[in-house]
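> One letter stands for each residue in the lines below.
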Amino acid sequence: MKQTIKEALAKGADRGIHIADDNFAQLDPLGSAKSLAVAVKEQKYDLVLTGLQSDDHGFGQTGVLLASVLDVPHATIIMAIEVDGQKMKLKRELEAGWFQHIECPLPAVLSIQSGINKVRYATLKGIMAAKKKEIRTIARESLGVSTELTQRVEKIYVPTKTKKTEFLTGTPKEVAAKLVEKLRFEARVI
Amino acid sequence: MKILVIAEQRQGKWNNASFETLSAAQQIAKDTSSTVSALVIGKGVAGLADELAGKNVAEVLLIQHDLLEAYTPDGYCGALSQAIKSAKPELVLFPHTYQVRDFAPKLAAVLGKA
Chain A
28 MKQTIKEALA
38 KGADRGIHIA
48 DDNFAQLDPL
58 GSAKSLAVAV
68 KEQKYDLVLT
78 GLQSDDHGFG
88 QTGVLLASVL
98 DVPHATIIMA
108 IEVDGQKMKL
118 KRELEAGWFQ
128 HIECPLPAVL
138 SIQSGINKVR
148 YATLKGIMAA
158 KKKEIRTIAR
168 ESLGVSTELT
178 QRVEKIYVPT
188 KTKKTEFLTG
198 TPKEVAAKLV
208 EKLRFEARVI
Chain B
63 MKILVIAEQR
73 QGKWNNASFE
83 TLSAAQQIAK
93 DTSSTVSALV
103 IGKGVAGLAD
113 ELAGKNVAEV
123 LLIQHDLLEA
133 YTPDGYCGAL
143 SQAIKSAKPE
153 LVLFPHTYQV
163 RDFAPKLAAV
173 LGKA
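Just so you know, the protein sequences line up as chains A and B, in that order.
So in the working numbering, the last one in the first sequence is 217, and the numbering has no gaps at all.
So in the working numbering, the last one in the second sequence is 176, and the numbering has no gaps at all.
Looking at chain B on its own, in the form it has when it is part of the complex:
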């Protein structure tokens, strides 16, 4: 199974719940012999992607665009739905944050997984 963790950052700073989510994914991966991928989205966040790469993950996905500098639900849904469709994870995990609550239901609906 492939597990994808969507890490959250704002203005280049991690939301710490991202790492709790990563840890949860690694725990599930251990119990189900799965692989963990991590994704970071924004603008100018390549450095954060490098940081994720050092966190015992199989791969890191990086989505960058000028329009993703500030969070918008539509921008994030559009970009993440494309990334998830091409990465084809069986399970996508998010940190439970205000931002995630703002777009995750819509993203799930777009992917037909609500």
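Extracted from the complex, chain A is given alone in its bound form:
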């Protein structure tokens, strides 16, 4: 975790805060959001950026819940940000290749879609400078946030792969009709 923060510092962040708890992986999104909110509130923030979802559980809730706990507006799946005084012009990704352009006041929480920026490499100068930058570690217990879980993961498993071949029989016309039905209602590709 420290390594991730150090990389961010080497790439230009000014300082880092590490909320430490071995049980974070078991924590539900609300628990994470509440912990983050306490640390964020201490800062004089205008804008909080989160990722869209984690690589492990992929709940995609922490950013939205953080905004709710902080009681500030939020927007998700952000593709572009343009700050204009006390408000922002945002580009959001919608379904089926659609985009939405919205305005949002500051302060706010945005969850960012991957690909918004090209990740820059840390320069040697950046890596050297990072060594002098502050990383503050806060134990999560010290934040006074309830550790009671509101949800619990029972099981995680890889979907079982099955192969099934089915022959459609009948006249070409009947087979075509059956095929269309299967493509439409089972495979749902047409």
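Honestly, the hints are just simulated from the structure, not real lab data.
Glycine included, C-beta positions come from ideal geometry on N, C-alpha and C.
Don't take every hint at face value.
Said to hold, decoys possible - When the alpha-carbon atoms are kept at most 20 Å apart in a straight line, the in silico EDC-like pairs for lysine to aspartate or glutamate are as follows:
| # | chain 1 | residue 1 | chain 2 | residue 2 |
| --- | --- | --- | --- | --- |
| 1 | A | K29 | A | E130 |
| 2 | B | K75 | A | E122 |
| 3 | B | K150 | B | E121 |
| 4 | B | K75 | A | E120 |
| 5 | A | K145 | A | D55 |
| 6 | A | K160 | A | D82 |
| 7 | A | K209 | B | E82 |
| 8 | A | K38 | A | E161 |
| 9 | B | K175 | A | D55 |
| 10 | A | K182 | A | E168 |
| 11 | A | K159 | A | E34 |
| 12 | A | K160 | A | E69 |
| 13 | A | K116 | A | E130 |
| 14 | A | K158 | A | D41 |
| 15 | A | K118 | B | D93 |
| 16 | A | K71 | A | D41 |
| 17 | A | K114 | B | D136 |
| 18 | A | K188 | A | E168 |
| 19 | A | K114 | A | E130 |
| 20 | B | K175 | A | D41 |
| 21 | B | K92 | B | E121 |
| 22 | B | K175 | A | D98 |
| 23 | B | K175 | A | E175 |
| 24 | A | K145 | A | E130 |
| 25 | B | K117 | B | D93 |
| 26 | A | K145 | A | E193 |
| 27 | A | K68 | A | D98 |
| 28 | A | K160 | A | D41 |
| 29 | A | K116 | B | D93 |
Unchecked claim - Below, a sample of chain B positions facing chain A; criterion: calculated Cβ distance under 10 Å:
| # | residue |
| --- | --- |
| 30 | A86 |
| 31 | F165 |
| 32 | A166 |
| 33 | K175 |
Dock chain B against chain A, hints included.
Chain B alone, transformed into the frame defined by chain A:
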């Protein structure tokens, strides 16, 4: 048990996942002897509410307001939290759409159910 399905529409057009959600609710209702209610939210969506009424549901809730014409997370959370508090369902189901992912966590937090 009372199950509430929040159907999704944009500019008067259904998101088809709404009906998959409704079907899932009906399946759960069958297994647990529950009732299914459906809700539609927006502006000028009374026609869509009528359509829902023909889908084997116990009741249809309709939320309409000028400010709900275009989706905003805060507008939807405000209106839906009031509706859910008064309808008192035990289970609320949403279609898994980009829009729902944008506001459902906040709605759950507002209702103390995140």
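> Now tell me, hint by hint, if it's right for this structure.
How the hints compare with the structure:
no., hint, result
1, A/K29 / A/E130, "35 Å, violated"
2, B/K75 / A/E122, "14 Å, holds"
3, B/K150 / B/E121, "13 Å, holds"
4, B/K75 / A/E120, "19 Å, holds"
5, A/K145 / A/D55, "30 Å, violated"
6, A/K160 / A/D82, "28 Å, violated"
7, A/K209 / B/E82, "17 Å, holds"
8, A/K38 / A/E161, "14 Å, holds"
9, B/K175 / A/D55, "12 Å, holds"
10, A/K182 / A/E168, "27 Å, violated"
11, A/K159 / A/E34, "13 Å, holds"
12, A/K160 / A/E69, "19 Å, holds"
13, A/K116 / A/E130, "5 Å, holds"
14, A/K158 / A/D41, "11 Å, holds"
15, A/K118 / B/D93, "43 Å, violated"
16, A/K71 / A/D41, "14 Å, holds"
17, A/K114 / B/D136, "16 Å, holds"
18, A/K188 / A/E168, "42 Å, violated"
19, A/K114 / A/E130, "7 Å, holds"
20, B/K175 / A/D41, "36 Å, violated"
21, B/K92 / B/E121, "16 Å, holds"
22, B/K175 / A/D98, "17 Å, holds"
23, B/K175 / A/E175, "13 Å, holds"
24, A/K145 / A/E130, "24 Å, violated"
25, B/K117 / B/D93, "18 Å, holds"
26, A/K145 / A/E193, "46 Å, violated"
27, A/K68 / A/D98, "11 Å, holds"
28, A/K160 / A/D41, "7 Å, holds"
29, A/K116 / B/D93, "47 Å, violated"
30, A86, "15 Å, violated"
31, F165, "7 Å, holds"
32, A166, "8 Å, holds"
33, K175, "8 Å, holds"
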